Amino acid sequence: MISLLEVSGVSKTFDGFRAINNLSIQINEPELRAIIGPNGAGKTTFMDIVTGKTQPDSGQVLWGERNESLTGLSEAEIANRGIGRKFQKPTVFENQTVRQNLAMALKNPRGPLAALFFKEPRTDAVRINEIAGEIGLADQLPRPAGELSHGQKQWLEIGMLLAQDPRLLLVDEPAAGMTAEEREKTTDILKRAARTRSVVVVEHDMEFVRRLNCKVTVLHEGHVLAEGSLDHVTADPTVIDVYLGRSDA
Amino acid sequence: MTQGFIIHNRSMMRFIGLLGLFTLLVTLGSEAMGTGVISTSLVKTLGKTLCLCLIAIAMDVVWGYCGILSLGHFAFFGIGGYAIGMWLMYARTETIVTESLARQVIPPTPAEVTDAIGAQIFGVVGSSDFPVIWSFADSLILQLLMVVLVPGLLALVFGWLAFRSRVTGVYLSILTQAMTLALSLYLFQNDSGLRGNNGLSGLQNIPGFESTPQATISLVFFWGSALALGLGYMLFAFVVGGKMGSIVQGIRDNEARVRFLGYRVEGYKLFVFTLTAVVSGIAGALYYPQAGIINPAEIAPIASIYLAVWVAIGGRGRLYGAVIGAALVSLLSSWFTGGGAPDVNLGFYTVQWTDWWLVLLGVSFVCVTLFAPKGIGGLFDYLIRKPR
Amino acid sequence: MLRTLACLLIICAVAKGAAAQTLQPILQTHAAEVADPSRGSVSVVLDDLVASGLPQVPTFLERWSDKGVWQNTADGQFYYGRTDGDDLALTDIDTGTQTTVDRAGYTELRPNGGVRRVIGTALVQFQLSDPDLGRRQSAIDSIARRPDADQLAPLLASIDGEPDSLLRARKIQLANFLSASFAGDPADRIAAIDSLSRDTSIEARAVLNQILTTRDVVATDAPDGNIARILTVGTDITADQAYDRLVAADLAPAAIPSAAVRDALAANITDGRVGGIPTAQLNTEATRAQAYAALADRGLVPPRLTEEGRAAAIAAHVFAEVYTEDDPAITDAARAALSSVETRVAAASFADLTLDAMSLASIYFLAAIGLAITFGVMGVINMAHGEFIMMGAYTGYVVQQFVPDYTVSLILALPLAFAVTFAAGVAMERLVIRHLYHRPLETLLATFGISIALQQLAKNIFGTQARPLTSPSWLDGAWVMSDVIQISYIRIAIFVLALLFLGLILYILKRTRLGLEVRAVTQNPGMAASMGIDPDRINMLTFGLGSGIAGIAGVAIGLYAQVTSEMGANYIVQSFMTVVVGGVGNVWGTLAGASLIGSLQKGIEFLNPSNTLAAQTYMVLFIILFIQFRPKGIVAQKGRAAAD
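For the protein sequence lines, the chains are A, B and C, in the order given. Residue 285 is where the first sequence starts when you use my numbering, and the numbers rise one by one after that. Residue 241 is where the second sequence starts when you use my numbering, and the numbers rise one by one after that. Residue 31 is where the third sequence starts when you use my numbering, and the numbers rise one by one after that.
Honestly, the hints are just simulated from the structure, not real lab data. Please note that a few of the clues may not be correct.
Stated by the list, open to error - Keeping only pairs whose Cα atoms sit at most 30 Å apart, straight-line, the calculated DSBU-like set for lysine-lysine is: (1) Lys483(B) - Lys337(A); (2) Lys483(B) - Lys403(A); (3) Lys373(A) - Lys662(C).
To be verified - Computed footprint of chain B on chain A, listed as stretches where at least three residues anywhere in the stretch have a Cβ under 8 Å from a Cβ of chain B: (4) 348-360; (5) 366-374; (6) 382-391; (7) 399-412.
Nothing here was measured: the structure is a model prediction, and the numbers come from that model. Where a beta carbon is used, it is the ideal one built from N, C-alpha and C, also for glycine.
Input sequences plus hints: build the corresponding full structure.
Written out as structure tokens, the structure reads:
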């Protein structure tokens, strides 16, 4: 196991509100990690900073074996270094078919001219079928993504991330709005993905996190409150205080 | 373009077929062919309409497919017209001046010829010197290059500035409108070097073809416009058909998602913006020799908004929709405003369409936006199942 | 007319009372000169008249100058006369006795223009001390229009007796102008010039510029006189201009232009050749020059000066500007005074420009604030906003058709315009915009459809020609602080109106329940809805409010610009710019945007006054660049919500 992503001492303030406060997190490769925390703990801002949507006020975000700094890079550049991100709300291209959605995400040259004269190699079709099977949408490939159910859209988005073939997957609340059955399937997809790469799951739902059965980081007010197995962190008195001692738990 | 693309794009084949048939019919009916069913002025109107259809599909690609509501593409159209107009005006004036100077006993020096042309062209704005931008006006090849280069470069620079700072949506529309306004205001000045609000005129006279009747010239331009529209349609069908189209539509629907998939959204937008600007310039270069005159009022922001109206009425996100919208609205508009439509006597009030056409257009436009967001092209979707 | 009569009566009465001596004998001693005066001879008469000190003199001079004096052809007596058909009403010059006679026996005295001017100058000294303030005023005005060395002495003499303090100050100022130009003693002139250095009036600058008038001089050596500057050929004047001056001063032969060369060649064609060169080859400057030189050698045409000859001629002469005023001390003082004046004028112009910019900014603020509010709350750009401005202006026009009193109609028009456009805005929101939420670009286009329909509708109803919206008379004119700084009352009124609305909008947004809800919807519509705020109602009301303010702006704009169906379109782009530059959904942002755009436009217009079109072009370019650095405007919306 090597360290893939190292966030150290990062802070970010929005108009006086400290969303992230001297946050340090280290993700290894491969690894499955869950990040939990109450509302406003800075989970989404953490993802924004890693993926380049938000620039941190201070601190470092280092990536890969060569410890390259990610701050200052654009979203696309960061994505192409191997970081995939799933949004809280399912964001797929509803007017396009499932196949088109996946094809767009596949790892291929990203420039406009390359896209203009792109001819799909045979291997791409194979890969698309593979991923569709993985996320359970093999028979939905010709359907427009807008016609899929909520859960299926979530899986399609995860499938798009897998098609990117990233080294690190950031997944924001994948189980929100899913039925129990769908959650179970989502857990399986994520666990399988985490065998070969790093997967970071931000989640509210403790049951879901328990099923992931992985190392857990608890965020609170923009910094790490506790880290370890789920049982370990839930036994931590400060965590109990944050989650149970306050009304918004 | 691969063979597979052409064969698999049936709606495009259908369009090309229809366009070819239309061109044939107009040719057979034209005065140049001796039948005279279609008057020369109607051939010109139809030729101009084809050019408007061409810029409409460009607008459809940039707005309907890529989601950039540009209120500046008519400016590129106008620039194309000015670029070709400069050569037309220069070459024609040169012919006239050389003829009149040849009658003198002493043959003219090159400087005298240039001065006389300058006085002829710029007399209306009280000048006789050639501005720098006319440096290449004597060369058809270079001015044709300008038709492509000037709109292309302007779009490239403007687009780079706008997309780089991530101006999107309504803001971007306003910004493109501002660009158009700046350009038209600049051209309105007498010292812009392009004859201020007089614009360029006499463009229907093609140098070297003085003895050819207008009937023939207008038919040739009609063919040229039809050819350009056909090629433009194929080009854009190719652009929006493949992976490029998929990405571009993705940008329209969810820019952030495309970004996080690792695509440099700015590059794609810039590509589409610039390509459509260049096609708009070419459309303008074909339009204005048929119109005969170009002036800054043609470039005013309102023209670009009308362009958006055509595309919206015809139906965004489908190329044939843009063609339908542009052809229908521009032809109807000239029919109504040209006094072609009969007045309606309501007993207490007579509706004169020259006065009421814009009210009708405005209201029907609101209705289309409200009740038929897919435009007329949307109706086709019910009739024809688009093959996948 | 009545006043003039009354004046005359008073003067006559005064004359009667003090008629210790009579005027007629003096006139009779110069009868010939009075009857047929010339510019040279009249001064003798005038000197005597002035020396007599008689109170009748001014009246006589006036009537004389106005061709109101008649002479009896038989006895040579002079009378004031007024024709009445064939009759002539005569008034005795000294006694004022009136008689009516047949005009046949009398001739009218008709002094020519030159004489009348001389009489006028003599009259000035009387008028300057005239008991009537109006007459003194007009005397001063006539001196100011036509300053003359002769007027200095009477003007100075009249200052001490001047009872009116304003007029006295004016007299002193005018005396200063005259002394600066005409005082006999150079020290007096310099003192007067120095005192002008604090006067920014156009008159003072004209006086100084007059003193500093130069004439162009060409000479072989350094010229005599009070030299303003020696011109360097190439930097101060072009070689062409220099040569033209040489030609004008007969110091060099006139240049032969190429057109003349061509004509000369054409006139000397023999056997298809000119100077041995075939005509067909004469299509370059070089062959033409050769042919012309050949003709010149044969003496058929005047020789043409070569470039070298021209350069030598220019080099052999000195080009200079020489002051018409010979005394360097005076020109130095005038230069110093002028530069000091110009500094003051520049400062004053800047103040004036600031005022202009502020008034323009307040117009843009009024035009844009409605747009900014609706954009902020609903994310909707209303392209028909300009037409709401127009609608407000036409409402004002219609009100004036029914209420003739402009003050009352204005007071009625403001709330009525608000009501009309408020209703139109609400209707538009209910019928169209409500159905297009979350599709901002389509709203843009739908409102554009409404915009063209409304514009054409206005054209159909009110016609294409401009309709006046007349302001009440108390808004006419301008507040003049100096020759440089002035601002019209209408613009002040609009400024006040803008301030009023700024206050009102701030009050509504910060202090009322509606404002709270509006701010809530602006910042987080979803959260606001879940807190029980009805977004439908808020949207409707904000749209109505925004449109209503546009109506008010329309009345304000209509007061100083004309009301046409296209007037809205002229303001809409500037309003968009204001919103974009200022930042969305913030009153202070809109204010900042309006101020920036207003001052920018005025600033560019000031730098390039001849070309307002260019000013607008540069402004738009500036704004495009501005967006590069502050894409969210001057006052950016805050919080994480703004990032989405």
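Can you take a look at whether the segment 382-391 of chain A is actually covered by chain B? Rule is 3+ residues, C-beta closer than 8 Å.
-> Holds: 4 residues of the segment 382-391 of chain A have a Cβ under 8 Å from chain B.
Coverage claim, chain B over the segment 348-360 of chain A, checked by counting residues with Cβ within 8 Å (three needed) | holds (count 3)
Pair hint Lys483(B) and Lys403(A), alpha-carbon separation not exceeding 30 Å | Given that 30 Å is the threshold and the Cα spacing comes to 8 Å, the pair holds.
Is Lys483(B) within 30 Å of Lys337(A), Cα to Cα?
-> holds, 25 Å
Quick check: the segment 366-374 of chain A, covered by chain B? Criterion 3+ residues, Cβ under 8 Å.
-> Check passed, 3 qualifying residues.
Are there at least three residues in the segment 399-412 of chain A whose beta carbon sits under 8 Å from a beta carbon of chain B?
-> Coverage by chain B holds for the segment 399-412 of chain A (5 residues, Cβ < 8 Å).
Compare the distance between the alpha carbons of Lys373(A) and Lys662(C) with 30 Å, and conclude whether the hinted pair is satisfied.
-> Given that 30 Å is the threshold and the Cα spacing comes to 25 Å, the pair holds.
Violated hints for the displayed structure: none, as all numbered hints are satisfied.
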